[in-house]
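Protein chains in written order, with my numbering: chain A, -5 to 137; chain B, 4 to 80.
It is possible that some hints are incorrect.
Keeping only pairs whose Cα atoms sit at most 27 Å apart, straight-line, the calculated DSS-like set for lysine-lysine is [as the list claims (entries may be wrong)]:
#1 Lys52(A) x Lys23(B)
#2 Lys60(A) x Lys115(A)
#3 Lys132(A) x Lys23(B)
#4 Lys35(B) x Lys52(A)
#5 Lys60(A) x Lys109(A)
#6 Lys115(A) x Lys62(A)
#7 Lys60(A) x Lys15(A)
#8 Lys123(A) x Lys108(A)
#9 Lys52(A) x Lys109(A)
#10 Lys108(A) x Lys60(A)
#11 Lys123(A) x Lys20(A)
#12 Lys123(A) x Lys35(B)
#13 Lys60(A) x Lys123(A)
#14 Lys52(A) x Lys132(A)
#15 Lys29(B) x Lys123(A)
#16 Lys52(A) x Lys29(B)
#17 Lys123(A) x Lys40(A)
The hints are simulated quantities; they were obtained by calculation from the structure and are not laboratory data.
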Amino acid sequence: MEILLTDGPVRISVISGLIAKAGGLKDAGGHSLFLGQVRSDVSDNKAVKAIEYSVFEKMAESEAGKIKAIIFSEFPDVRSVELVHSAGLVQAGEISLFVMISARHRQQAIDACKKTVEMVKHRLPVWKKEIFDDGTHKWQQNK
Amino acid sequence: MEIEVFFFGVLADITGIRQKHYNDVKSFADLKYRIGDEFPEIVHYTFRIAVNNEIVNDEPLLTGGDEVALLPPFAGG
Chain A
-5 MEILLTDGPV RISVISGLIA KAGGLKDAGG HSLFLGQVRS DVSDNKAVKA IEYSVFEKMA
55 ESEAGKIKAI IFSEFPDVRS VELVHSAGLV QAGEISLFVM ISARHRQQAI DACKKTVEMV
115 KHRLPVWKKE IFDDGTHKWQ QNK
Chain B
4 MEIEVFFFGV LADITGIRQK HYNDVKSFAD LKYRIGDEFP EIVHYTFRIA VNNEIVNDEP
64 LLTGGDEVAL LPPFAGG
């Protein structure tokens, strides 16, 4: 499995489990983490209450595999890439994306984490519907 | 040939379906015509096409059993 898709928010127990698992990588000297959170944007006097994510699961799995292959080939220090993304409803303030890169040294961990997050934004077949506090909704796309 | 078509994001909303089976598809152009005929509002939206989970740029050659997905701009994260 290249990416874990969770029903609803990415739970802290999943995140802590992956951090604990990374301790098994004895030749890693650092882990760089990114947590994506649902932001309560306001537009036209309406605040985002939640985001409903839909995912093309089969393609997400194959794209996640390609993202990892790119990271491993560009950053030879990297030892593991963990990806978790939400599917379904995530409330404002909850976590919808978790990326963790474990590497021998910090610089490649940090750089690879940044690149992975950008590729997740541009390559993963995921769509988000913003649900506003007045019950209306709007499909959103990445800038 | 038989083709399975998948609609995602806003396209699933406007068509009211996520998946549809098409029989006797002659070509990609034929499939595109039939989808556009059935869901005319789709022309107002931007989307890319994936065949069997791979994004294609030109009009692909389809084979029976292929899965065609209509993908609006991504919004992960």
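Results of checking the hints against the structure:
1. Lys52(A) x Lys23(B): Distance ~17 Å between Lys52(A) and Lys23(B) Cα, so the pair holds.
2. Lys60(A) x Lys115(A): holds, 14 Å
3. Lys132(A) x Lys23(B): Since the Cα atoms of Lys132(A) and Lys23(B) sit roughly 24 Å apart, the hinted pair holds (cutoff 27 Å).
4. Lys35(B) x Lys52(A): Holds. Lys35(B) to Lys52(A) sits at ~22 Å (cutoff 27 Å).
5. Lys60(A) x Lys109(A): holds, 13 Å
6. Lys115(A) x Lys62(A): holds, 14 Å
7. Lys60(A) x Lys15(A): holds, 23 Å
8. Lys123(A) x Lys108(A): Answer holds: Lys123(A) to Lys108(A) is near 25 Å, not above 27 Å.
9. Lys52(A) x Lys109(A): It holds: about 22 Å lies between the C-alpha atoms, which stays within 27 Å.
10. Lys108(A) x Lys60(A): Answer holds: Lys108(A) to Lys60(A) is near 16 Å, not above 27 Å.
11. Lys123(A) x Lys20(A): Violated, at roughly 41 Å.
12. Lys123(A) x Lys35(B): holds, 26 Å
13. Lys60(A) x Lys123(A): Within the cut-off at roughly 26 Å; holds.
14. Lys52(A) x Lys132(A): holds, 25 Å
15. Lys29(B) x Lys123(A): violated, 35 Å
16. Lys52(A) x Lys29(B): holds, 26 Å
17. Lys123(A) x Lys40(A): holds, 14 Å
Hint compliance for this structure: hints 11 and 15 are broken, all remaining hints hold.
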